[in-house]
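Novice: Sequence:
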Amino acid sequence: ALSLGMLRPWTLAITLPLVVVLGVCMVILNLHTTWDILGAFPLVLGVYGFVHWFWRVSPDSGKGYFAGEKAAEAVKWYRKAADQGLAHAQFNLGEMYADGQGVNQDYAQALTWYRKAADQGDAGAQNNLGLMYAKGRGVNQDYTQARTWYLKAARQGHVIAEFNLGLMNLMGEGMTQDYTEALAWFIVASSSGNTDAAAKRNKLEATLGIQATMLAHQRSKEILKDMERSKAQSGSADREGLANRKKPKTL
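Numbering (the numbering used here), first residue to last: 1 to 251.
Everything labelled a hint here was simulated from the structure, so no lab data went into it.
Where hints are given, some of them may not hold.
What the hints assert, rightly or not - Heads up, simulated DSSO-like pairs for lysine-lysine below, C-alpha to C-alpha not over 30 Å straight-line:
no.: 1; residue 1: K135; residue 2: K76
no.: 2; residue 1: K135; residue 2: K203
no.: 3; residue 1: K231; residue 2: K135
no.: 4; residue 1: K225; residue 2: K203
no.: 5; residue 1: K70; residue 2: K80
no.: 6; residue 1: K135; residue 2: K80
no.: 7; residue 1: K203; residue 2: K221
no.: 8; residue 1: K70; residue 2: K135
no.: 9; residue 1: K231; residue 2: K221
Using the sequences plus the hints, can you model the full thing?
Specialist: Have a look at this one:
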């Protein structure tokens, strides 16, 4: 379904002025009757359709690049780079297999490429590998492995992994439910502006007692210190991810 939210700002900058011009022309040409307006309506749809089509196939339009035939082209180039050991390309190739873009959906292949990137320390791949284990996609469901990979990503400051750890503790996946630990991870993730984590944080803080909330805040400080030590040792951080990569997944 099409919506204005799907269009990029420059797309709106093209479309809206054209619609305004069309409206002015309707006034100048005295297109006042219902039939006059209906006759001009296809032109409005044509302009909108062309701009939206151009957005979807433009190679520099981010997600739009992966629409239609462009997806197969993206897979080809990701594979070339991935075969040379480039971690971000391996991550993106895993995403293409996981989402079935440009290739048939294949969780086993997605898992393979995520693992290659994760083993090189790619935080996004580590998070998504954790998700594959949590959901049992391409591998037997294993919450212990899921938590292991989420922790690897979280220690690099990966916000989605932090949020996923909060969810695991909240829902008691592979562990005893621990609302205090869950809140601690939501505090950490929300400190980077994650709105979903902030909503979970607010809800838990309103539910838990003062003592549990204070313990969670203390625990969040310990987590952040541990992350700083890990990042100092590895010399890397990935709180925001990279602009040229596909979006890591959440539970």
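Novice: Against each hint, give a clear statement of whether it holds in the structure.
Specialist: Structure-based check of all given hints:
| no. | hint | in the structure |
| --- | --- | --- |
| 1 | K135 x K76 | holds (28 Å) |
| 2 | K135 x K203 | holds (25 Å) |
| 3 | K231 x K135 | holds (28 Å) |
| 4 | K225 x K203 | holds (25 Å) |
| 5 | K70 x K80 | holds (16 Å) |
| 6 | K135 x K80 | holds (29 Å) |
| 7 | K203 x K221 | holds (20 Å) |
| 8 | K70 x K135 | holds (29 Å) |
| 9 | K231 x K221 | holds (15 Å) |
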